[in-house]
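A.B. asks: As given, the protein sequences belong to chains U and C, one line each in that order.
For reference, each letter of the first sequence is one residue, going 1 to 446 in the working numbering.
For reference, each letter of the second sequence is one residue, going 1001 to 1373 in the working numbering.
Heads up, some of the hints might be wrong.
[Said to hold, decoys possible] To be clear about the criterion: a stretch of chain C counts as covered by chain U if any three or more of its residues have a C-beta under 8 Å from a C-beta of chain U, and this derived list gives those stretches: (1) 1138-1152; (2) 1179-1190; (3) 1249-1256; (4) 1293-1303.
[Stated by the list, open to error] Ranges of calculated distance between the beta carbons of each label pair, as one might list FRET restraints: (5) 407/U <-> 1352/C: 23 to 33 Å; (6) 246/U <-> 1082/C: 38 to 48 Å; (7) 1310/C <-> 309/U: 35 to 45 Å; (8) 1245/C <-> 390/U: 18 to 28 Å; (9) 278/U <-> 1009/C: 44 to 54 Å; (10) 224/U <-> 1097/C: 34 to 44 Å; (11) 1246/C <-> 361/U: 42 to 52 Å; (12) 361/U <-> 1076/C: 35 to 45 Å.
[To be verified] Mimicking DSSO-like on lysine-lysine, the simulated pairs with C-alpha atoms at most 30 Å apart in a straight line are: (13) 114/U <-> 312/U; (14) 97/U <-> 114/U; (15) 1289/C <-> 1261/C; (16) 1211/C <-> 1261/C; (17) 1289/C <-> 278/U; (18) 1171/C <-> 1229/C; (19) 1289/C <-> 312/U; (20) 1242/C <-> 359/U; (21) 1229/C <-> 359/U; (22) 326/U <-> 114/U; (23) 1211/C <-> 1242/C; (24) 1289/C <-> 397/U; (25) 1204/C <-> 359/U; (26) 397/U <-> 1261/C.
Hint data in this document are derived by calculation from the structure and do not stem from the laboratory.
Remember, it's a predicted structure, so these values are computed and weren't measured experimentally.
Every residue gets a Cβ at the ideal spot worked out from N, C-alpha and C, and that includes glycine.
The residues making up each chain are set out below.
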Amino acid sequence: MSDLNIIFCRDCLVVQPAPARRCARCGSPRLLQHPELAQLSIAHIDCDAFYASVEKRDRPELSDKPVIIGGGKRGVVSTACYIARISGVRSAMPMFKALELCPEAVVIKPDMAKYAAIGRMIRERMRALTPLVEPLSIDEAFLDLTGTERLHRMPPALILARFARSIEQELGLSVSVGLSHNKFLAKMASDLQKPRGFSVIGRAETLSFLAALPIKAIWGVGAALDRQLAHDGLRTIGQLQGMREEDLMRRYGTMGQRLSRLSRGVDERRVTPDRPTKSISSETTFDRDISGPEDLVPILRGLSEKVARRLKATDLAASEVTLKLKGADFQTRTRNRRLAAPTRLADRIFHAGHALLLKELDGTPFRLIGIGCSVFSPAATADPDDLVDPSFARRAKAEAALDQLRERFGLQSVETGITFRRGRAATTSEKQNGKSESFPYDGEKS
Amino acid sequence: MRIIIERSNLLKSLSRVHRVVERRNTIPILSNVLLKTEEGALGLKATDLDLEITESVAAEAEQDGATTVPAHLLYDIVRKLAEGAEVRLATTPEGNQLTITAGRSNFRLQCLPEADFPDITAGTFSHSFTIQAADFARLVERTQFAISTEETRYYLNGIFLHTIETDGALKLRAVATDGHRLARAEVTAPVGSEGMPGIIVPRKTVGELQKLLGDDAEAEVKVELSDAKIRFAIGSVVLTSKLIDGTFPDYQRVIPAGNDKQLTLDRAVFSSAVDRVSTISSERGRAVKLSLGNGQMVLTVNSPDAGTATEEIPVGYESDDLEIGFNARYLLDITGQLSGEESVFMLADPGSPTLIRDGSDDSTLYVLMPMRV
Chain U
1 MSDLNIIFCR DCLVVQPAPA RRCARCGSPR LLQHPELAQL SIAHIDCDAF YASVEKRDRP
61 ELSDKPVIIG GGKRGVVSTA CYIARISGVR SAMPMFKALE LCPEAVVIKP DMAKYAAIGR
121 MIRERMRALT PLVEPLSIDE AFLDLTGTER LHRMPPALIL ARFARSIEQE LGLSVSVGLS
181 HNKFLAKMAS DLQKPRGFSV IGRAETLSFL AALPIKAIWG VGAALDRQLA HDGLRTIGQL
241 QGMREEDLMR RYGTMGQRLS RLSRGVDERR VTPDRPTKSI SSETTFDRDI SGPEDLVPIL
301 RGLSEKVARR LKATDLAASE VTLKLKGADF QTRTRNRRLA APTRLADRIF HAGHALLLKE
361 LDGTPFRLIG IGCSVFSPAA TADPDDLVDP SFARRAKAEA ALDQLRERFG LQSVETGITF
421 RRGRAATTSE KQNGKSESFP YDGEKS
Chain C
1001 MRIIIERSNL LKSLSRVHRV VERRNTIPIL SNVLLKTEEG ALGLKATDLD LEITESVAAE
1061 AEQDGATTVP AHLLYDIVRK LAEGAEVRLA TTPEGNQLTI TAGRSNFRLQ CLPEADFPDI
1121 TAGTFSHSFT IQAADFARLV ERTQFAISTE ETRYYLNGIF LHTIETDGAL KLRAVATDGH
1181 RLARAEVTAP VGSEGMPGII VPRKTVGELQ KLLGDDAEAE VKVELSDAKI RFAIGSVVLT
1241 SKLIDGTFPD YQRVIPAGND KQLTLDRAVF SSAVDRVSTI SSERGRAVKL SLGNGQMVLT
1301 VNSPDAGTAT EEIPVGYESD DLEIGFNARY LLDITGQLSG EESVFMLADP GSPTLIRDGS
1361 DDSTLYVLMP MRV
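Okay, chain C solo, but in the shape it has when bound (with noise of 0.2 Å):
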């Protein structure tokens, strides 16, 4: 394999496709990026076995081929290469190694042969669809933090993606939850995912989806899916990951519905005051009291070291007079997920899971459990 190809080009594409590779690895080909010649064009792929990503970048194939070396190694070596440099990339003619040439700077590096390196792409996908980058990246963005870090229910580790009817329109609707909060997004279906099996797409997959969908916002997604695999193809970058196997929870069952207690409130008030409250403590999982009663909210923090908080400020509530109280942290994420001026909470009770979404826009809602205070 001989190529030629701009240090910038080779650069973006293996910060894409290296942050799948696993810093640590017990086989050694998972170290490694798989490098291909293609028509015109540089290919690149790396895995983790759960996870795959290929990209492929304009370069100047002098002499067909391929091989695989370790992609962080490339990635730093390329990272520091001058900016502007044209790289050359040759195997030598025993195939056991790469060399990278660009200016006076030369490197060798020790390759292991692209037979070896494993494909998780085999199978077929039973549905497919193409979406607005702009709309898939809210679904991600509005219900990743809720994704629980727990092994023990592994099935809540990612989020759940799955078709539903509602007032007669078909959705899209992205679910995650950790067990103390659960968040819902949607958007209208696009056309082929009806009839799509509800999947469970692991949070290492949503991470790097996020960052290729940040990149280009105007672009589209080309999804496709099956019960086992899902594949996202954006420009020139396609990711392809296997599904958590498992049954994600029946969630209808936790929103919510009969919650008669109304309070609307200004979010970025409410926000800012929550940010300060819960400054006086700085342990992990402090509650903030909300005590409710006419017209006022006020916020409390007690810490048995530091010393209490509190702040008042104007919200609508008109039901009778309510004390809950909820972790800060969980606020300050929903809050900071939600877009309009106004929120809205549906309570019942201080023991009870609490419903909270956008005034204005109910494509996505938020349910948090209190903690006693």
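This is chain U alone, in the form it adopts within the complex (with noise of 0.2 Å):
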């Protein structure tokens, strides 16, 4: 690696001969210094308040406006932008309750198609990058820039201070950069100083930065085993870091050795960049409260048409359809079904969910429903030709035309009998699911 002690300026990207509290050149006070920082090379990036920035960027009207991205009276709060977090708004929040604290913010509903798109496109410059891009939503990933430096001729943490400003310049959307020695200190870095923030966490201050910090920081505790460990006694990070590994396990299995690791800011996950696809789903929450098959039937056929839609765009085929039922007291309930055969139609997806939906009717009030499919095989493998239903194939070719008609003239050109005039009215607030492992993504998070 080049000089062990190097000082940037994130602005003009200038390297400075000396500390300094201002750019030597450009004058801007944001620069990075920090002493590992020509040795450290996994990043976090994650784009500032994703789907807000996008709909400021393109209605610049609203940029001094409190806007939201979300829908509905009972939906949730996707994203909100940094002036409406400064009224309390929160990602995940239901709309109500940000309106209240908010009530002058725009709410605007999601365009998940156009943040798709922009996320492919940054996606694509963060492999331009390096091979090693691990998406783990829409809008944020990890990279492994290790071993890039000959290649672009300046140690990673320039890199990226390039990429940053690169995208704030060309696609006029913010990003923040965590960088560390392993993912698990890069995603807590790339929190730490939002938006346009770029922080370090070298090897030296790992264990000293992870003590202050309350357990919950954790990725993968959640509420119920940090009221175990809150029981127990253990709130800190600093608490882990001095019990014994096996004392952890032995208390709390598997989840103890990675607190014990983690605490330690312990992580050997490497950057792998194409973790397969485990589940492609969809839902949506209601304005009010259903329970009726005329009212949900519908709303279902839309779902499932969006995840076939999804499914098409990736060459799989799923043998398994999940339902999601959330009732009006907040109690989920999933229902799964295996298919005779692969499949990525839409019509098959449906009639799956839709037997399971039935039985489901008992007259409960349901706020929420949603769809999804999974057990994934080979695109080649889908819908074979059925001996005894002939219909089958006919199903089939219909629902290509159908997309071929969506295809030149745009989605709402054709719809079946079952959505016509229901199966969007109905719906509020959406989230849609693409890999769901150790990161499920719920709209969006920055």
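Fit chain to chain and form the complex, with the hints in mind.
C.D. replies: Next up, the structure:
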């Protein structure tokens, strides 16, 4: 690696001759200095208030207004811009509560297609830096820049600063960067200084940095485990650092091992570029609770079409369909069904979901419905002809025809009778799920 | 009730009866087996409300009576008693417990009253016939693997049993399909089966029946049926089952008549070749490609992860060159059920169903949907 103790300006990217408060060339105060700057190469990059920033970029008149992305009275906030956050609005907050806190907020329905397209552009730019890009969601990813210094003729820290600057200048969006020696710490670092942040956690300060944080800050520690830990008198990561791994394992099983290692900043997971898709799903929350098939079925059909559309964009076929319902009492039910053969068709996803749905309808009012598919195999195995059901091939052809029409004339150009004037009306907030593994993507996290 | 029975006899009966009882039940009585004294015998009965099995086994009744106890528990207890032991079953005076005594072992089980035990056998049967267990076993074995497990198409979740006249003779025919493959087997229709309704026997019943038929191939099976129920009596065991209430699709339409490309091959050589080449792909439902031409078949399996496998075998094939793909698992299922040395494939094109049968025996035939390769 090059000079051990580099200092550079995040605005003009000039390396500074000596420690200073402002850049010797452009006068910017955004200098980055850290003793290990030239040795760290695992990064986490996260767009700042992604959906809201995209909308503000496209509608400059909103730039000084609080903007919330989400939908309906009953929906949840998927992203709040930084102005709205001043009033206390947060992601995943019910919309009515957000509007109580910030009544003057401009609420915009999410335009997932637009965000996905921009997300893909950003990801392509990341891939130009290193092939080791592991996307976590539409707007964030891990990058492993180890060994790229010769190629780029600059250390990873500078590459990342240049990347952040180019996204800002060319796409009009800001990102925050975390740089460290593993994924766990890189992700923590990117959260430290948002927006437009660039934080570094070096090996030397790993232990002391973590020690003061609450255990909740470790990913995978949810409310239940946090309560259990608190009950056992454990609140800060520093307390975990003082305990033996075996003792933690005895008490908390494999989670104990993880707690022990992560508390000391040990995370050996690699940055893996193509983590396979595990499931594709879509769900929606209603404006008011509904319980009857006449309302639920059209919505389910619309969601099935959306899932199939995303499935068809991959080279996969799904063998299992999962229905999700959330009651007015917030009790969640999930039901799944194995299909006779892998599918890529909305029709088959809908039919399986429909059969599952009918069994659940007992007058219970529901606030949310979702459908997803999983257990993937190659697209070539999808939807074989059926010996005894000739309508099968006909329906597949009909769906292919619908797809062609939509491709030429747009999504709204053609609809089935089931969803006509109903499938979209009742839906308010939507959530899509691409890769669900350790970091479920729910809306946008920032 | 007080009864003395040999452990091995009780175990044998329980092993057949307890299988019908579901492991998890919301209705407690359905977890139980009904025990009832008969003349010089103990009668056992279990049900899941769709299927009922009764059996009677030689025993010495000291006092008549009946009760019900948890079936799996009783089976596990009897299984662990010493071999050759004499088992005494007796209800307590209050009738709410059953004591099981064998040697120095003593158990007390909670009972539920006999009166609560459901009876699904009410109703009359319209048809009745007797058939050799071996014949019936053949019908079942050769078709049951094709039964669909897809809940949405519940009418495919069983074997379609019906009579049909072909070439002037009446046959009893069994058909099963899951949409990917279809299996059809037939035997000469036994006296009494003529005019019977076409019925769908559920998969669980087929499974139990298969085990009972396997016990004694020489035996005869008495079959009684109506359009809602079927009853099989084999020796001391009686199996009564509800039928699937649905319409089996018109399978005749599915059996290709115009396939003109004939392929004959050595069944053993072919199936071991399929088995070998499919090793390369662990994935379920991987296609094996058959390339036919010039008296040769080349079998190919491609796995994007692992690599490729090919094997060439000599076959009887004189039509135009053809490439067609099949699910390797399905091919093995079918060749496993054919019995002759030679198998015949009737092919049309890579997208159309293929007919497969024995070279010498036309009582069984299979239809297999190809896969895209």
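A.B. asks: Evaluate each hint against the coordinates.
C.D. replies: Hints, verified against the model:
For the segment 1138-1152 of chain C, the stated coverage by chain U is satisfied: 5 residues place a CB nearer than 8 Å to a CB of that chain, which reaches the threshold of 3. Coverage of the segment 1179-1190 of chain C by chain U holds in this model, with 4 residues showing a Cβ closer than 8 Å to a Cβ of that chain against a need of three. For a cut-off of 8 Å, the count of residues in the segment 1249-1256 of chain C with a CB near a CB of chain U stands at 3, and the three-residue condition holds. Check result for the segment 1293-1303 of chain C against chain U: violated, 0 residues qualifying (beta carbon to beta carbon below 8 Å, three or more required).
Take residue 407/U and residue 1352/C: their Cβ atoms lie about 30 Å apart, and the range 23 to 33 Å holds. Residue 246/U and residue 1082/C have their C-beta atoms about 45 Å apart, which keeps the hinted 38 to 48 Å range intact. In this structure the supplied range 35 to 45 Å holds for residue 1310/C paired with residue 309/U, their Cβ-Cβ distance being about 38 Å. For residue 1245/C paired with residue 390/U, a C-beta distance near 23 Å keeps the hint of 18 to 28 Å intact.
Between residue 278/U and residue 1009/C the beta carbon distance is about 53 Å. The supplied range of 44 to 54 Å therefore holds. Restraint check, residue 224/U to residue 1097/C: a C-beta distance of roughly 42 Å satisfies the suggested window 34 to 44 Å. A C-beta distance of roughly 22 Å is found between residue 1246/C and residue 361/U, which places it outside the suggested range of 42 to 52 Å. As the Cβ distance of residue 361/U to residue 1076/C is approximately 40 Å, the hint placing it in 35 to 45 Å holds.
For the suggested pair residue 114/U and residue 312/U, the alpha carbons sit about 18 Å apart, so the restraint of at most 30 Å is met. As the CA atoms of residue 97/U and residue 114/U are separated by approximately 27 Å, the hinted pair is consistent with the 30 Å bound. At roughly 17 Å between alpha-carbon atoms, residue 1289/C and residue 1261/C fall within 30 Å of each other, so this suggested pair holds. Between residue 1211/C and residue 1261/C the CA atoms are separated by roughly 39 Å; this puts the pair beyond 30 Å, and the hint is violated.
Pair hint residue 1289/C plus residue 278/U holds up; C-alpha atoms about 29 Å apart against a cutoff of 30 Å. Restraint check for residue 1171/C and residue 1229/C: the C-alpha separation of about 21 Å stays at or below 30 Å, so the hint holds. Between the alpha carbons of residue 1289/C and residue 312/U the distance comes to roughly 25 Å, so the proposed pair stays at or under 30 Å and holds. Restraint check for residue 1242/C and residue 359/U: satisfied, since their Cα atoms lie roughly 22 Å apart, inside the 30 Å limit.
For the hint pairing residue 1229/C with residue 359/U, the CA-to-CA distance comes to about 26 Å; that is within 30 Å, so the pair holds. With a C-alpha separation of about 28 Å, the suggested pair residue 326/U and residue 114/U falls inside the 30 Å cut-off, and the hint holds. A threshold of 30 Å between alpha carbons decides the hint, and for residue 1211/C with residue 1242/C the separation of about 18 Å falls inside it, so the pair holds. For the hint pairing residue 1289/C with residue 397/U, the CA-to-CA distance comes to about 25 Å; that is within 30 Å, so the pair holds.
With a C-alpha separation of about 22 Å, the suggested pairing of residue 1204/C with residue 359/U holds against the 30 Å cut-off. Under the criterion of a C-alpha separation no larger than 30 Å, the hint pairing residue 397/U with residue 1261/C is consistent with the structure, at around 28 Å.
Figure legend: structure checked against the earlier numbered hints; hints not met, in rising order: 4, 11, 16.
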